[in-house]
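Need the complex rebuilt from these two chains, each delivered in its own frame; the hints are there to steer you.
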Amino acid sequence: MSPEYYLILAAMLFCIGAVGVLVRRNSIVVFMCVELMLNAGNLTLVTFARTTGTIDGQVMAFFVMAVAAAEVVIGLAIIMAIYRSRRSASVDDANLLKA
Amino acid sequence: MDTITYAPASGLLAWTWALIALPALGAAILLLAGRRADKWGHWLGVGTIGAAFALAVGLFASLSGLDNKSAHLDLFTLIAIGDLQIDASLLFDPLSAVFCLLITGVGLLIHIYAVGYMAEDAGRRKFFAYFNLFAAAMLVLVLGGNYFMTFVGWEAVGLASYLLIAFWQLKPAAATAGKKAFLTNRVADVGFLLAMFTMLGALGTVDFAGVFNGAESLSTSTSLALGLLLLAAACGKSGQWPFQTWLPDAMEGPTPVSALIHAATMVTAGVYLIARSHIIFSLNPNVQTAVVAVGALTLLFGAIVGCAKDDIKRVLAWSTVSQIGYMFLAVGLGGGAFALGILHLLAHGFFKAGLFLGSGSVMHAMNDQTDIRRFGGLWRVMPWTYATFLAGWVAIIGLFPFSGYFTKDPIIAAAFAREGWQGWVTGGAALLGAALTAFYMTRLFVLTFHGPKRWTEDVHPHESPAIMTGPLVLLGLGSLGAGALMVSPVTEWLTPVFGEHAEPHGHLSHMQVTVITTAVVVLGAALAWFLFRGGTDEVPRAAAWPVRAARADLGGEAVNRGVFERPGRLAANASVAIDARGVDGVVNGLSAAVGGTSRRLLALQTGFVRSYALSILSGAVIVVAALMVVVIQ
Chain A
1 MSPEYYLILA AMLFCIGAVG VLVRRNSIVV FMCVELMLNA GNLTLVTFAR
51 TTGTIDGQVM AFFVMAVAAA EVVIGLAIIM AIYRSRRSAS VDDANLLKA
Chain B
100 MDTITYAPAS GLLAWTWALI ALPALGAAIL LLAGRRADKW GHWLGVGTIG
150 AAFALAVGLF ASLSGLDNKS AHLDLFTLIA IGDLQIDASL LFDPLSAVFC
200 LLITGVGLLI HIYAVGYMAE DAGRRKFFAY FNLFAAAMLV LVLGGNYFMT
250 FVGWEAVGLA SYLLIAFWQL KPAAATAGKK AFLTNRVADV GFLLAMFTML
300 GALGTVDFAG VFNGAESLST STSLALGLLL LAAACGKSGQ WPFQTWLPDA
350 MEGPTPVSAL IHAATMVTAG VYLIARSHII FSLNPNVQTA VVAVGALTLL
400 FGAIVGCAKD DIKRVLAWST VSQIGYMFLA VGLGGGAFAL GILHLLAHGF
450 FKAGLFLGSG SVMHAMNDQT DIRRFGGLWR VMPWTYATFL AGWVAIIGLF
500 PFSGYFTKDP IIAAAFAREG WQGWVTGGAA LLGAALTAFY MTRLFVLTFH
550 GPKRWTEDVH PHESPAIMTG PLVLLGLGSL GAGALMVSPV TEWLTPVFGE
600 HAEPHGHLSH MQVTVITTAV VVLGAALAWF LFRGGTDEVP RAAAWPVRAA
650 RADLGGEAVN RGVFERPGRL AANASVAIDA RGVDGVVNGL SAAVGGTSRR
700 LLALQTGFVR SYALSILSGA VIVVAALMVV VIQ
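As they're listed, the protein sequences go chains A and B.
Sequential numbering from 1 applies to the first sequence in the working numbering.
Sequential numbering from 100 applies to the second sequence in the working numbering.
Derived by calculation from the structure, the hints in this document are not laboratory data.
The structure displayed is predicted, hence computed values, not measured ones.
Please note that the accuracy of each hint is not assured.
Non-contacting residues of chain A with respect to chain B, defined by C-beta distances greater than 12 Å in every case (computed) [claimed, not checked]:
id: 1; residue: T47
id: 2; residue: G53
id: 3; residue: Q58
id: 4; residue: A94
id: 5; residue: L97
Partial list, computed: chain A residues near chain B (C-beta under 7 Å) [what the hints assert, rightly or not]:
id: 6; residue: A18
id: 7; residue: V21
id: 8; residue: L22
id: 9; residue: V91
id: 10; residue: D92
id: 11; residue: N95
id: 12; residue: K98
Every residue, glycine too, gets a C-beta built ideally from N, C-alpha and C.
Extracted from the complex, chain B is given alone in its bound form (with noise of 0.2 Å):
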C-alpha cells in the first residue's frame, strides 16, 4: 500500500480555519449579545453560514486544482506530554469537502427556513446561537486532522443536538428527549475513546496519516477491536442498532433542527467516521462483516417500525435510521461502494432535509399537529409545500431518474455482489428495504396529501410564507437532479481518498436489480396508495403481532427498559439502601453513642462549687499517691 501523506495547506486552503470560526463567531455573539441581538441576530446566523458556504465552495475549488487533493493545516499543539503531541490539525481533502459543502450549503437554507419557521419563538436568537454552534462543530468534526479533533467535533456535535432537541426545554417531553439523546451518545462515545486509546497503545498516535500508514503492522486482534470500537462509536452518532431508540425521540426539537442535525448532517458522522478510517474497516473483513450487518438490520429495522408510525416526523426519522443503514452497508462492503455510501448520504441530505421541512411547513399549517391521520386533501391549500414533497418522495423511494435511484440501487447492486450466501442474504434486505421504504414513504405522502380531508375542526392550512417555501423549491430541485448529477462526478472526486475500484459482479446483474428494484418500489407505493388513498381510522385498529411489535418499536424501547433501566433502577434503590441503612447507620449510631455517653456524665456538672473543688482535690491526692507508689518502688 502507498504511503500516505498530506500537503501542507497554501493560498486560501490555509484559510479552511474560517470556516469554522465564522459559524462560531456568529454563535459567540449571538449568545454574549443577550436580548440587544433579537432584532437582528437570526440574519446574523444566516450571514455567518453564508459566508461559510461561499469559503467552502471557494476552497473547493482550490483544492480541485490541486494534484494531490489534499491539504493539512497545523494550527497549534493542544496536548504535549513526554513523546506524545497532539496538534489542533485540519486537514481538507475530498471527503471533507463534500461534507463541508453539505454541511453549509444545505445548512444556509435550512437556516433560511428556520428564520419564517422561528418567527413567532421568543427564542429565535438562542436558537440560531446553537444552530450556528452545530455547524461550527460539524465543520470541526469533518475537518480535523486527527482522530481526537474529530472527537472535539464529536462531542460538540452532540452538546448541540442536546441544546436543539431540548430547545422548548419547558415541554418535559422535549426535555426528556434531549437527556435521552445525550446518554446514549455519551456510551456510544465510549467506544470512541477507546479507540483512541487503542490506537495510541499499539501505534502512539491519532494523527489519520500516521494510524493509516500504521495500520497494516496492527495485529488482527487490535484492528478488530479498533474497527468494533468505532463501529459502535458511530452507531451512536448515527442511530443505528442498537443505538436507535435516541433519534425518533429527537423530533421533539423544532423541525429546522430535525432537518438540518438528526436527517441531513449530525446522523451522517457516523458514516463520515467509517468512510474517513475506510483503511482499519478494508484490514479486516470480519470487522466489514459486523458492519454490513448492521446496517442491513438496521434499514429493514427502521422500515419496518417507519410503516407502523402515524407521526409526520417519527415517520421521516425512522425513515433517516433505515436510510443510514444503507450507507453503512454500503461503506462496510468497502471497495468501490465507499463512493456509494458517501454518494447516497449527499442524495439523502438534501431530500430527507426537504421532506423535514416539508412536514415542518405542514406543521405549521395545521396548528403543530403531527398526526398524519388528521391531515389528508392538502395538495390543494399547499401547493408549493406539495410540489417539493412530491420531489423529496419519489428522490428517496428511488424512481427513476431522480436523486434515490441514482443512489440506493448501486448499494443493492453492491449488497448482492458480497460473495456467497452473504451476498443474497444482504442484497434481500436491501431490496425489501427498498419495497418497504417506498410503502411507508407513499402511505405518509397519501395520508398527508391525498384523500378526504379529516382535519380537526379548529385548523385552516395555509401555504408557509416565501422564505419557507424558497429553499423548499432549491432542496426539492436538489432531490430531483442532484443524483443524476452528482453520481459519476462525486465517485471520481473521491477516487483519491478510497483508490480506484472496478465494478463488482455479483449473483445479479446491475441491470438485473435495476429492474427487480423498480419493481418491488412500484408494488410497494401501489400498495400503499391502493390501501390509504381513501384514508384511515383516526384511532389505530387492533392489529396483528406483527404491525403491533412495529408500533412498539420492535421492542427496542422494551429492551432499554430491560437492560439498561430495570437494573439502573435496582442499583440505584440499592445503593440509596445502603447509604440510608449501611453508610447513614454508622454514622448515625456513632452520634447517638457519643451523645447518650454525653447525657450520662452531664449528672456530674451539679454547679456546685464545691463539689467540684472534691473531685479537684480527689484527684490530685490520686496523683500524688500514685506517684509515689511509683516513686518508692
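Chain A with its partners taken away, still in its complex shape (with noise of 0.2 Å):
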C-alpha cells in the first residue's frame, strides 16, 4: 500500500489538531488537540520507517509517546491547579502572564 495515504491522514489529523488549539477555549479539548498533533506526528514517523525499512522512526515514535505520556500528567495537574483557582477551564481566562 502506498505511503502517501498515511501521510495525508496525518497531516489532516496535524490540521485538525492545529485548527482545534487554535479556536477551542475549553482546556481540555485544546489538550486533546495537541494530542492529536502528536500523533499525526507519530503516524508520519511510523510511515517512513516503514517506506526506508529502518527501526529509527518508530524508535523515535516510542520517545515521542513517552514524553507525551509524561507531558499529559503535568498538562493535567496544571489544568486542575488553574481550575480550583479561577472556577474556569477557559484558556483566555489564564491570561495574567502578560505585559
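Okay, here's the thing in C-alpha cells:
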C-alpha cells in the first residue's frame, strides 16, 4: 500500500489538531488537540520507518509517546490547579502572564 | 680618582642595624599596644631614642678607631631580578655618623621636651609612636648603603612627616597642610626615582660604591641629568625653591614636630643627599651652578618672606628655608665647602631646634597664640625660655663667638671665592641674606620678649615646667658653643668622605668677609631693634609693594595656584564633563535603546495562549516552507 495515504491522513490529523488548538477555548479540548498533533507526527515517523525499512522512526515514535505521557500528567495537573483557583477551564481566562 | 671601597662592618659596628631597630620597635609597640600604653608610652618613646643615642655614641667611638673610617653591612637581599640585585645594606661612615648623632641627640632632647609639651593631649601615645617612626625612618635614610635604601627612608620620613603635620587632623588647616606637604614631596620624589632609573640604566647599580666608582665613565649629559634629578628630589624634601611652599604650612603640626622634623633633621635630608652624592655633583660644573643658584635664590627668598610674617612659627619656618639655602649654597660650591654645609647643618640643628622649642614654650604660655604682634615683654615672666631663645638668636645671626659665626661666615667667604662675576653675585646674595637674617630674627626676638605688653586679655603667661626648659637649656648651650667646638674637628672628621681641600682664595679674604658680615649683621639687628622696640601695629598697615609681595610669600602660592591648581582643576572638570556627557552618555544611550525596544516588544505579550500558539504555528510553517524551498531547489 502506498505510504502517501498515511502521510495524507497524518497531515489531516495535524491540521485538525492545530485548528482545534487555535479555535477552541476549553483547555481539555485544546489539550486533546495537542495530543492529536503529536500522534499525527507519530504516524508520519512510523510511515517513513516503514518505507525506508529502518527502525529509527519507530524508536522516535516511542520516545514521543513517552514524552507525551509525561506531558499529559503535568498538563492535566496544571489544568486542575488552574480550574481550582479560577473556577474556569477556559484558556482565555488564564491570561495573567502578559505585559 | 681613587676607587672607593667600604670595609665590612665588624665588632660593635655590626650592630648598626639596631640603631634603626630600636625606634622602629618603639613605634611598633606603641601603635600595637593601643590604649594600654597610654600611661607609660611616652617614656618608652624617650627610652628607645635614648638607647639609640647611646648606641650611636658607641658606634661613633668604634668608627673613629678604624683606619678606613667606614663600615658596610649587608642585611639581606631586597630585590633580585636577573643581573640586578639590590641589598638592604647599611653604610656607617663619618657622614652618616654625624647625622646619626644629630638625629638621635637632638631627637632625644625634643622627645623629652614633648613629654611636657604634649602632656595635655589625649593622643600623646600616638604622637610618640609617630615620633619614633620618624626617627627610625630618618636613620634608614642616612644609614642606607645604596640609593634604594636611602629612597626607602626618604619615603618613610615623608610619611612620618605627613602623619605628624596632620596630627591634629580634626583641624582642617592641619589636615590640608599635611596633604600639601605630602603631595609636594611626591612631585619632587619623582626626581629621585628617575635618578635611580638613570643609574640603573647607565651603570646597572644603585650601590653607593658602584655608582661613585662608575661616575667618571658617565657621559656629560647623563651626569647632568643625574645631578639635576637628584637636585629636584633634594629641593622637595628640603623646602627649596620652587618647592618651598609646603614647609611654612607644615607649622600646623605640634611644635616639637616643627623642631625635630621641619627644622633640625628631615628638611636637611636634601643636603645629605647632595653631600652623599658629592662625586656626581663635582663631575659637572653646570650641576654645581644649578645647586648654587637654588641655594642663593632660596636663602634670599626665605629671608625676605621671613621679614614680613607675624606668626612666630612661620617666621622660624621661613628662616629654616633660608638657612637650608645656605647649606645648599655650600654643598653646591663643592670642594672644601661640602664640610661647611654639613657643619652649618649641625649648628642649625641645635639653634633652630632650640628656637622652635622656645617658640613652643611661648605658645604654651600664651594659650597657643602664635601672633608676635600680641606678645611683648615676656622676658620677665619666662626667664629660662628668654635666655635660651637669646642663645638661639645670637647663634643664628652669627655674632662672634657663637655657632652661626663659625658656620655661616665661611660659607659666605666660600661664596665670594667662586670664580668671576658669579662670586660677586653669590657672595653678595649670601651677605644680603645674613643682613636680612639679623633683621627678621631681631624683629621676632624683640617683638616676642621685649617692648610693651600687647597681650590679649585672657592670657596669663607663665614659665614652662622643667621637663621643657631642661632640653631648652641644653640646646641653648649647644647653640652658643657648638660652632666653636665643632668647626675644626668636624671638618677633619669628614675629610675621609669629602677629601682634602685647600681653603679657596677669592675676591675677598676671609678676614674682610668676616668684618663686612659682622657689620651688616649688626646693622640689620640694630635697624630691627630701632624699628620694633616700641612694639608694632596689631593690624598690618598698608605698605609698599615689596612688603606686600613678601606678605604674599613672594608669589609662591600664586605660582602654585596658576601653574598647578588651576590647570589641575580644569583637567578635573574636563574629565568630569567627558565622563558625564561622553562615557555616561554612551552607556545611558545604550540602555535607553534596549529599554525602548523591549517596551515596544512587550505589546506582543497579550497573555492569550491561543495567540502564542498561532505564532508558534506560523513560525513552524515558515520554517518548513523555507526548508522545502531549499530542499526542492
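How the hints compare with the structure:
1. T47: holds (17 Å)
2. G53: Nearest chain B Cβ is 22 Å from G53 of chain A, so the label holds.
3. Q58: Check passes; 23 Å lies beyond 12 Å.
4. A94: Incorrect as stated: the minimum Cβ-Cβ distance to chain B is 7 Å, not above 12 Å.
5. L97: violated (6 Å)
6. A18: holds (6 Å)
7. V21: Constraint on V21 of chain A satisfied, holds at 5 Å.
8. L22: At about 6 Å, which falls below the 7 Å cut-off, the nearest Cβ of chain B leaves the hint on L22 of chain A intact, so it holds.
9. V91: holds (5 Å)
10. D92: Hint holds; D92 of chain A Cβ to chain B Cβ min 6 Å, cut 7 Å.
11. N95: holds (3 Å)
12. K98: holds (3 Å)
In this structure, the earlier hints numbered 4, 5 are contradicted, and the remaining ones agree with it.
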